[in-house]
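Q: Each chain, written out:
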Amino acid sequence: MLNIAKIRAQFPALHQEVHGHPLVYLDNGATTQKPQAVIDAIQQYYAEQNSNIHRGVHYLSQLATDAYEASRTCIQKHLNAQHSHEIIFTRGITEAINLVAHGFRSVLKIGDEIIVSTIEHHSNIVPWQMACDATGAKLQIIPMDENGALKMDAFHALLSEKTKLVAVNHISNALGTINPIKEMIDAAHQVGAAILIDGAQAAPHLSIDVQELDADFYCISGHKMYAPTGIGALYGKEKWLNKIPPYQGGGEMIATVSFEETTYADLPHKFEAGTPNIAGGVAFKTAIDWLNEIGLENIAQYESKLLQYASERLSEIDGFRLIGNAPQKAGVISFMINDLHPYDIGMILDKLGIAVRTGHHCAQPVMDAFCIPGTVRASLAIYNTKDDVDRLVEGVKKAKSMLS
Amino acid sequence: MASIQDIQNDIIEEFDMFEEWMEKYEHIIELGKTLPLIDAQYKKEEHIIKGCQSQVWLHAEFQNGNVIYTADSDAIMTKGIIALLVRTFSNQQPSKIVNANTDFIDQIGLKEQLSPTRANGLLSMVKQMKLYALAFQSKNTNAC
Chain A
1 MLNIAKIRAQ
11 FPALHQEVHG
21 HPLVYLDNGA
31 TTQKPQAVID
41 AIQQYYAEQN
51 SNIHRGVHYL
61 SQLATDAYEA
71 SRTCIQKHLN
81 AQHSHEIIFT
91 RGITEAINLV
101 AHGFRSVLKI
111 GDEIIVSTIE
121 HHSNIVPWQM
131 ACDATGAKLQ
141 IIPMDENGAL
151 KMDAFHALLS
161 EKTKLVAVNH
171 ISNALGTINP
181 IKEMIDAAHQ
191 VGAAILIDGA
201 QAAPHLSIDV
211 QELDADFYCI
221 SGHKMYAPTG
231 IGALYGKEKW
241 LNKIPPYQGG
251 GEMIATVSFE
261 ETTYADLPHK
271 FEAGTPNIAG
281 GVAFKTAIDW
291 LNEIGLENIA
301 QYESKLLQYA
311 SERLSEIDGF
321 RLIGNAPQKA
331 GVISFMINDL
341 HPYDIGMILD
351 KLGIAVRTGH
361 HCAQPVMDAF
371 CIPGTVRASL
381 AIYNTKDDVD
391 RLVEGVKKAK
401 SMLS
Chain B
1 MASIQDIQND
11 IIEEFDMFEE
21 WMEKYEHIIE
31 LGKTLPLIDA
41 QYKKEEHIIK
51 GCQSQVWLHA
61 EFQNGNVIYT
71 ADSDAIMTKG
81 IIALLVRTFS
91 NQQPSKIVNA
101 NTDFIDQIGL
111 KEQLSPTRAN
121 GLLSMVKQMK
131 LYALAFQSKN
141 TNAC
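Note that the protein sequences, when read in sequence, are chains A and B. If you're matching positions, the first sequence starts at 1 in our numbering and goes up one per residue. If you're matching positions, the second sequence starts at 1 in our numbering and goes up one per residue.
Just so you know, these hints were derived from the structure itself, not from any lab. There's no promise every hint is true.
As the list claims (entries may be wrong) - Heads up, simulated DSSO-like pairs for lysine-lysine below, C-alpha to C-alpha not over 27 Å straight-line:
1) B:K33 - A:K400
2) B:K24 - A:K397
3) B:K33 - A:K397
4) B:K139 - B:K111
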């Protein structure tokens with residue numbers, strides 16, 4: 001049994017008043033708050049270890065390099081990757097996807113196809129549109145059903161020898177749908193296509209084994225899993241990372257440079273041009289250690305019960321419309337109240353000290369498919385409680401009475 | 001016609017009556033409901049100002065030396081603020097509109113409504129209102 005009060009106590013940002021009310025933070029799908037351990041790790045890095053990594057021969061540089069590389073190994077183990085050089089540090093998932101999409105320009109040719117789904121975040125749509133524009137490849141879209149689950153028969157029908165890559169999220173940020181990614185990975189491989197999984201919403205809630213999944217690429221974002229902003233990681237199978245060219249040129253990513261010819265560094269450095277977010281990388285490890293101490297299984301179990309409680313309580317409100325009711329869901333409850341604009345509801349909730357996300361959640365195609373301007377989205381983290389949910393329900397009722 | 005400054009002072013006075021945010025918001029919601037709607041023919045793509053969350057339609061006409069604005073939004077709170085902006089700027093001379101500020105929104109305690117993070121399209125709307133005024137102004141000057 002988890003002691004949530006004890007977990008909550010570790011998050012300074014949760015213990016404040018907003019507009020005169022104790023903060024209820026339910027915007028974890030956008031970013032989670034940070035435990036004291038992570039905040040301390042950043043402070044400690046700058047106070048005791050700050051130095052540029054991989055180049056210096058001096059003591060501090062070695063300390064910083066060791067701490068940064070320890071984080072890479074930690075992520076490797078956390079995702080169960082075969083090699084630590086299959087873990088590339090990025091700014092976040094947006095950069096990770098852009099890195100792969102840019103690299104695939106060298107693979108794609110006219111007539112090739114890339115498949116994404118209707119329920120992707122814009123960051124898993126736009127980089128592929130750009131790659132298609134640059135190469136003459138075509139973007140194919142997996143449709144969803146009325147519950148927000150992907151239509152798997154349509155997905156299988158889209159796959160062909162033209163398919164070079166499939167890019168889907170593990171869990172939808174807008175709806176909370178958990179996609180059957182193992183089935184999708186196997187199907188993509190059947191036609192010889194690579195597959196990239198956007199794990200932004202999955203990594204804070206589920207344990208991930210990239211070898212068992214057999215994913216070619218899997219992306220995670222630090223700040224959505226209790227680590228700082230500006231740090232994320234791309235897992236890529238060694239064979240793919242060797243095959244695609246570097247994304248950015250600069251220092252750190254080279255073996256030799258002359259004006260006649262530059263050769264690139266080995267993995268992972270080939271994809272890590274310039275001085276990275278070292279403090280963020282170091283604190284990423286702290287966050288993962290912190291998560292593992294609680295245990296992702298425990299987290300998943302607790303959050304699933306809380307999600308169920310939230311769904312039940314919100315359903316009591318007359319006019320409540322759940323948007324996205326896939327059989328497998330995690331972390332997110334997206335809804336409308338009658339036809340009230342989500343923005344109006346969000347404004348009033350904010351005044352009541354309740355932080356939710358409103359709008360299209362960077363997933364406009366999903367909102368277009370449901371013919372709505374957006375939703376109110378409450379997204380859960382391990383520190384949320386039934387009390388938070390009760391406050392949300394009272395807040396939504398209040399907003400409804402003011403706006404109706 | 002009262003000056004922009006006079007109208008803004010009236011609005012500040014009007015909002016002074018409310019002590020609680022809730023009363024202010026309720027008033028804004030009421031104002032939103034009374035906003036003269038934009039003519040259906042202007043409620044289309046070329047008149048839209050897209051915010052990240054709510055969107056605004058804005059139309060401007062030049063009549064007897066004054067700019068007449070009509071507008072609408074899909075969100076009622078946004079519409080309420082639009083009602084205040086239209087009340088302030090509509091039926092005024094272009095030069096007055098171009099030089100006016102929107103500090104009154106701060107003063108009535110709704111500063112966040114015009115903050116870029118609110119992403120409701122209002123900041124762009126104010127800019128667009130001024131651009132219309134500027135266009136009418138230069139057209140008017142050229143004609144003379």
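Q: Are the hints correct? Go through all of them and say.
A: Here is how each hint holds up against the structure:
With a C-alpha separation of about 16 Å, the suggested pair K33 (chain B) and K400 (chain A) falls inside the 27 Å cut-off, and the hint holds. Distance hint between K24 (chain B) and K397 (chain A) is fulfilled; the C-alpha atoms sit about 18 Å from each other, no more than 27 Å. Pair hint K33 (chain B) plus K397 (chain A) holds up; C-alpha atoms about 20 Å apart against a cutoff of 27 Å. This hinted pair does not check out: K139 (chain B) and K111 (chain B) have alpha carbons roughly 33 Å apart, beyond 27 Å.
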